[in-house]
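Colleague: Chains as they are written, first to last, in the working numbering: chain A, 2 to 362; chain B, 510 to 875; chain C, 361 to 666.
The hints are simulated quantities; they were obtained by calculation from the structure and are not laboratory data. Don't be surprised by glycine CBs; every beta carbon is placed ideally from N, CA and C. Mixed in with the good hints there might be a few duds.
[What the hints assert, rightly or not] Among the chain B residues that face chain C by a calculated CB cut under 8 Å, a handful are:
1. P552
2. G554
3. A556
4. K700
5. A716
6. T719
7. S722
8. Q739
9. N761
10. S781
11. G785
12. W793
13. A847
14. G869
[Said to hold, decoys possible] Distance windows between CB atoms, simulated:
15. H45(A) with L421(C): 36 to 44 Å
16. V351(A) with L512(C): 34 to 42 Å
17. T841(B) with I634(C): 27 to 35 Å
18. D168(A) with G575(B): 20 to 28 Å
19. V364(C) with G849(B): 42 to 50 Å
20. T841(B) with L489(C): 28 to 36 Å
[To be verified] Heads up, simulated DSS-like pairs for lysine-lysine below, C-alpha to C-alpha not over 27 Å straight-line:
21. K580(B) with K567(B)
22. K870(B) with K182(A)
23. K745(B) with K660(C)
24. K182(A) with K850(B)
25. K182(A) with K619(B)
26. K567(B) with K544(B)
27. K870(B) with K41(A)
28. K664(B) with K819(B)
29. K417(C) with K757(B)
30. K745(B) with K182(A)
31. K626(B) with K636(B)
32. K829(B) with K850(B)
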Amino acid sequence: MRFHLEPRPEPSRLAGWLSPLVATIAVLGIGFVLFSAMGKNPWHALYVFFIEPVDTLYDVGELLLKASPIMLCAVGLAIGYRANVWNIGAEGQLIMGAIFGGGVALAFHDSASPLVLPLMLVAGLLGGMAWAAIPAFLRTRFNANEILVSLMLVYVASFILSLLVHDAWRDPEGFNFPQSKMFTDVALLPNMVAETRLNVGFLLALAAVALGWVFMRKSLVGYQMRVAGLAPAAANYAGISARRTVWLGMLIGGGCAGLAGVGEVAGPIGQLLPVVSPGYGFAAIIVAFVGRLHPVGIFFASLLMSLLYLGGEAAQMQLALPSSVTGLFQGTLLFFLLAADVFINFRLRVTYPAVIAAKAV
Amino acid sequence: MNRTTRRITLALFAASAVALAAPASAQPKAGEPLKIGFVYVSPVGDAGWTFQHDTGRKEMEKALAGKVTTKFIESVPEGADAERVIRELAATGHNLIFTTSFGYMNPTIKVAGTFPKVSFEHATGYKTAKNVGIYNARFYEGRYLAGIVAGKMSKTNVAGYVAAFPIPEVVMGINAFARGMRSVNPKAEVKVIWVNSWFDPGKESEAANTLISQQADVLTHHTDSTAAVQAAEAKKVYAIGYHSDMSKYGPNAHLTAVTHHWGNYYTKVAQSAVDGKWAQTNVWGGIKDGMIKMAPYNKVVPADVQALVKTAETDIASGKLNVFTGPMKDNTGKERLAAGKAITDGDLSKMDYYVEGVVGKLPTSK
Amino acid sequence: MDHVAQLLILTLAAGTPLVFAALGELVTEKSGVLNLGVEGMMLVGAVVAFIVAATTKSPWLGVLAGMIAGAALSLVFAFVALTLQANQVASGLALSLFGIGLSAFIGLEYVSVVIEPIKPLVVPGLTDLPVIGAMLFGHSPLVYLSLVLFGLIQWFLFHSRAGLILRAVGESPQSAHAIGYPVLRIRYLAVMFGGACAGVGGAYLSLVYNPSWTEGMTAGRGWIALALVVFATWKPWRVLAGAYLFGGVTLAQFQAQGMGVDIPSQYLSMLPYIATILVLAFISRDATTIKLNAPASLGKSFHPYR
């Protein structure tokens with residue numbers, strides 16, 4: 002008995018819809034087995050992990066709050082990925098957005114103007130774009146692989162942030178701890194739902210989803226970028242500039258990530274710290290894939306990812322499960338998704354050589 | 510923000526302000542044990558900052574058996590996520606919550622604002638509220654004693670200090686250690702390496718090895734892992750542990766350790782909460798409150814050294830000996846304390862210089 | 361002089377986990393596969409090595425176990441990325457995250473366990489020679505092993521037929537397939553080799569460098585190893601040099617601190633990454649240079665049927 006992966010004449014749409022579901026169910030299954038193996042009641046554990054984290058208004062607010070930066074980053078990344086522009090450095094662009102936005106907040110610390118916040122958001126957007134411009138430039142000018150460049154820049158960005166909060170931007174009243182001054186009220190994103198921490202950053206994320214959809218589906222440029230990703234030779238022949246594709250892909254991804262970054266420091270964090278993101282930029286990559294590079298899919302996938310984070314925390318609190326379970330689930334989710342994705346473009350065929358040989362006789 | 514949202518938010522602020530004005534003591538329902546929550550920044554493990562807090566928690570639980578139940582959550586990252594965890598504890602009936610790391614300061618204050626009936630105790634911070642007390646220990650007193658041991662046991666007269674962040678608490682520890690060392694060994698030098706992390710065994714052991722390569726033969730540290738002690742053991746030099754007794758990690762190297770003890774304090778605070786008498790306080794306890802003790806000595810430490818340390822310990826507890834008293838100069842020669850003057854708590858919490866005997870310049874001094 | 365000897369020992373010790381991981385990844389990438397999961401494989405190697413060493417009291421068995429664990433984990437990546445032809449970047453990332461979580465999970469009970477580490481080499485008579493004794497004969501056995509590995513890989517890749525085939529697969533899998541070489545199998549083996557090396561690199565950390573287990577103890581070395589392969593333009597001897605350079609950066613910064621020199625640590629820490637970016641830009645700048653350096657099919661899925 003042999004297994005063959007036969008290419009399909011046309012990608013299967015059913016498989017496209019099913020694969021995220023299959024992946025999610027697989028993760029639940031793994032969770033079931035894992036929790037049982039650890040001696041916990043698996044149903045209760047699954048409940049604690051996936052249902053309980055969102056059973057109060059505050060918790061729903063937390064879910065959406067955590068999903069916002071991931072959603073923002075993922076939408077931007079997906080546009081690039083569809084065009085074969087592999088931005089892996091969203092985390093670094095997020096940090097840069099936080100730095101630029103935070104910088105504006107600190108520069109206007111004594112101001113009470115309502116313009117501070119919009120200025121911060123713009124600064125964050127530009128900061129992320131600027132950081133993404135580096136791999137874009139190096140790719141278009143020097144052919145340098147943007148995967149590696151953007152990844153390296155994540156580290157550089159986090160060191161720059163560390164330098165700033167340890168030294169130049171350290172709060173003089175902060176007893177020498179590495180942190181900036183707390184941002185004033187005008188520099189913080191307004192609350193959206195009282196009794197929760199949800200702020201208007203969520204609206205920004207939703208707007209990104211909507212704009213992303215419009216861009217990809219309805220705009221000429223978005224169409225051209227998709228073609229460039231699916232058939233680079235054809236795109237080139239049709240006159241679609243590969244350079245413009247790379248630049249747009251990187252800048253959009255960087256801008257979204259930058260916005261996510263300023264959203265974090267102008268939101269739940271409220272200042273600049275040495276660490277402003279628990280890996281949202283990398284989680285966004287997973288979300289982009291699980292969401293099938295489609296803005297609506299990304300919306301749901303970021304909620305799922307956010308749930309994984311919250312669930313891990315709840316599992317820790319209630320079941321004494323280690324926090325590492327979250328990372329396990331995240332990795333597993335992506336693996337199963339990638340595996341299930343195969344069936345979009347390939348069919349599984351089983352052949353029985355012995356039977357054929359017998360028939361020949 | 511639109512008008513409706515603003516109105517709702519303002520109304521909530523007003524409501525919480527009124528609620529905050531009310532007495533903030535934690536009142537368990539009659540007969541039910543008081544639920545106490547602990548938030549830890551790292552895993553409990555076998556040694557280190559969190560391990561000592563957890564030991565204190567267990568001591569309190571034993572001392573007040575039947576009157577309290579405790580719950581702890583470990584490895585809660587500082588920052589935005591901490592708020593959710595603290596809030597979860599408050600929202601699930603824990604009326605006394607201990608947050609055991611500096612980085613929980615702002616989240617604790619925020620949650621305290623929303624839960625005025627819950628009492629919070631924040632370690633090593635500086636912000637307070639009606640229902641947020643702060644507590645800390647004068648670890649530097651133990652460091653002085655450690656310095657005496659180091660001064661007597663070192664043959665190269667160079668000690669190595671693996672330190673995390675150049676914040677006043679760490680700096681005063683280094684300075685106290687140097688002063689202790691110099692009080693018995695005027696030629697002693699302390700070399701410091703900053704690893705910029707509370708917990709990074711890889712970097713810590715690299716720092717430790719670097720110090721050893723630069724002639725340090727007694728190591729100590731202000732970080733959360735046992736790497737420095739292990740490095741000393743591997744390279745056959747001495748080490749003085751911190752937070753917990755680390756002799757298991759360096760049976761030949763470990764001379765003693767400056768250990769933290771929170772049990773007494775936790776029991777006292779919990780008892781007052783159980784009695785409905787919890788009040789907001791700023792506590793900075795020392796050796797005399799039983800918060801700092803020296804771990805049992807390695808057999809290579811001579812009896813006379815142990816006796817010397819014991820005397821100093823008693824003197825610090827009684828107030829006869831103050832670790833930071835003038836004349837005291839920093840290591841650039843500038844006078845920091847005039848003869849006969851003792852340092853004030855205020856100056857201590859802003860310490861941003863090295864005293865004589867410490868090599869180099871503090872990274873953050875301008 | 362003794363100070364210099366000590367420094368050399370420390371630098372070699374610091375660079376060794378990178379040597380293992382990067383050399384392994386080099387072989388993988390030479391076959392055309394980009395495996396971003398090095399961090400995960402190193403951590404799993406570290407934790408399994410530690411657990412086996414603690415249980416069997418034999419650190420060398422631990423090293424072997426770490427090697428096998430790294431290879432086993434890489435199989436998951438190989439299956440998803442090579443057989444199922446999923447996107448290599450995403451698969452590698454998934455592997456890293458999975459490995460980080462898995463290692464933390466299985467290492468839970470072992471966080472405060474103490475083991476007998478692998479002691480540095482002591483050659484009677486030779487190690488005690490002043491200065492050169494320690495410099496040449498006083499390193500950990502795994503350091504020497506890493507140098508042997510380097511030699512083996514250098515020979516294999518550039519002086520053996522099998523290595524030539526591997527490189528051919530990396531340059532043009534279509535041509536190799538047309539000639540009849542089993543592209544997929546070769547890539548599988550290359551990936552597993554990379555995983556095994558990463559596992560040993562991790563084992564070195566938990567059994568020699570920091571004899572203990574802590575969550576995430578590789579502290580990003582897997583990612584540095586990835587950068588290192590690029591920085592070294594896919595040449596083994598440059599990987600060796602770069603590993604000691606990158607590994608030595610933190611040490612250099614600590615030495616400076618200990619001597620009272622005042623440079624913020626972050627500047628020095630940034631250097632390896634910036635250097636890698638510059639090298640990458642330099643070698644990619646025109647089609648010829650990049651052909652001479654990077655495996656042409658790196659990161660692209662191989663579709664034998666198309």
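Colleague: Which of the numbered hints above does this structure break?
Modeller: Hints 9, 10, 11, 12, 13, 18, 20, 23, 24, 27, 30 are the ones this structure does not satisfy, whereas the remaining hints hold.
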